[in-house]
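For reference, the chains in residue letters:
2 protein chains.
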Amino acid sequence: MQDVSTLVAQAREGRPRAVARLISLVEGASPQLREVMAALAPLAGNAYVVGLTGSPGVGKSTSTSALVTAYRKQGKRVGVLAVDPSSPFSGGALLGDRVRMSEHASDPGVYIRSMATRGHLGGLAWAAPQAIRVLDAAGCDVILVETVGVGQSEVEIASQADTSVVLLAPGMGDGIQAAKAGILEIGDVYVVNKADRDGADATARELNHMLGLGESRGPGDWRPPIVKTVAARGEGVDEVVEALEKHRAWMEERGVLAERRGARAAREVETIAVTALRERIGDLHGDRRLDALAERIVAGELDPYRAADELVAGLTRGGSSGT
Amino acid sequence: MQDVSTLVAQAREGRPRAVARLISLVEGASPQLREVMAALAPLAGNAYVVGLTGSPGVGKSTSTSALVTAYRKQGKRVGVLAVDPSSPFSGGALLGDRVRMSEHASDPGVYIRSMATRGHLGGLAWAAPQAIRVLDAAGCDVILVETVGVGQSEVEIASQADTSVVLLAPGMGDGIQAAKAGILEIGDVYVVNKADRDGADATARELNHMLGLGESRGPGDWRPPIVKTVAARGEGVDEVVEALEKHRAWMEERGVLAERRGARAAREVETIAVTALRERIGDLHGDRRLDALAERIVAGELDPYRAADELVAGLTRGGSSGT
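Protein sequence lines, in the order shown, are assigned to chains A and B. Residue numbering for the first sequence follows our numbering, starting at 1 and increasing by one per position. Residue numbering for the second sequence follows our numbering, starting at 1001 and increasing by one per position.
One chain only, chain A, in its complex shape (with noise of 0.2 Å):
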């Protein structure tokens, strides 16, 4: 195979395989994983990462086609990472994605990938700010980060992301679902698309009065706005960009984009942490120290908290930091 700043060069200039390929090592928890991270470290750090998420049937997919067509306008890379969570498919070369992103798809402007964890180890947590940063080193401007479905993982996702977007459709009964899914505190910017149909006024006043409801803001604090959108037609789409800037700008001025990514780079370094650990540990099952530890605990001689000082103990008594 290619040796890895080879790959990471033409990922800058552009190129959608080597791009693919970076991506698919990090995925893959291959062996060259440290190296890519540690080639890409210095180059990342420019992206402006944002999430979208929303349940099925709100109008992700075309709002997110059309947030990139408003950033190519404006001579942006775009990447754009879609995650299904209960998908057992991933890669760079979905049918779904090609025809759902179909007017973007020649364009050499954007790279589109799909990522699916399920039962991927450590999850989402785990390998979406990999791809992230690839994408991010690759020169991307903009990363949209699109989540199917809401719940836990798409929170997480959200967490990932420098600004989070949450859609709604007018007549779903969001509203409550959204406060039961815990996104009235994870939305950035609030977008209620579809709003040709009837209950979209009435779906953004509602969300409007859910969001004063919760806590109190103080004058510099970020208000989300709720914007209208149609966005199969374009209309509303240049004023969620605008929407995004602003939300952009309030974070530089504020030093919350600083924050937010260092908290997300903890956040990153601690999962990745565990997940070693956690790896080491079952590395024991192969060395039958944790079976003969059980087994001591099934006889009765020995309870499990003290067998799991014995195991963290030999873990950390000379063990290489290898993943």
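Worth flagging that the hints you see were computed from the coordinates, not collected in a lab. Computed from a predicted model, the values in this text were never measured in an experiment. Heads up, some of the hints might be wrong.
[As the list claims (entries may be wrong)] A few chain B positions that, by computed beta-carbon distances, are all more than 12 Å from chain A:
no., residue
1, A1020
2, A1039
3, T1062
4, Q1130
5, G1139
6, D1198
7, G1218
8, P1225
9, G1234
10, K1246
11, E1253
12, R1261
13, A1292
14, V1312
[Said to hold, decoys possible] Which residues of chain B face chain A? A partial, calculated answer using Cβ under 8 Å:
no., residue
15, A1041
16, A1044
17, P1170
18, E1206
19, M1210
20, P1304
For glycine and all other residues, C-beta sits at the position ideal for the given N, C-alpha and C.
Place chain B on chain A using the hints.
Frame of chain A, contents of chain B only:
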């Protein structure tokens, strides 16, 4: 408070308040946790742990209650652990328990405990085994672990049991749902409850068919039986007990029981060890080491893997192995 050895002695005598106190101590990760677990270790290992799972509405509580009655007739001491992963409530004296288990409430040979683990440190995988160990050490001959709903947590709980019972009811579309939730892989005994209703035979047939579609079994392998019950009238409950005893005998004969208990203890140790290590990582937030690493990542000076290495090295050098 009373000392641990007194509490353990009182629990062995069947005093419900001592049992309740011990479960609270292990559930809440109290300072005495380790002392309690060390005291319980030599006393546990005698109880037969039966997991009961199934969708809401199949009659789990009624079935559990009927099984309690059946085991009490045999003179056995019975512990019931009702786990609701979605409930924020936990404790020994919930009204719900008392109502649905009212016929056993005044029986000193029965101990009923509900457990809620939403947001619990380490989740169900951490808390349930500890409570089971208390009931076991307290002298319960049989422990029934009833879980509400079907999902990942329930599958986790089922893995704590010696024998897993999956409950279904006619006309709930359970067949397909069961397959989806993977409960067809966890059942050692299947119960079609509410068998006096229309469709009971069809449900049993469909289930039988689906179980047959699974991997082929050898001559000595366990073929999960399907028992029809009307738990509310006690019908078929003796047959369930019989199926459980058969499964237990089969497991003992083939060494499967020791194997399962060993695997369970190994998982328990693993969970405790990972939790302990994760907490140590969490502690680093306090001393700013993780934050300092995160800042260097954001600045592009360090990649997250090298940062995780530093973190793990810091942890594993001279760290004590406290919980």
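Q: Would you pick out the hints that fail for this structure and give their numbers low to high?
A: Violated hints (numbers, rising): 2, 4, 12, 13, 14, 17, 18, 19; every other hint is consistent with the structure.
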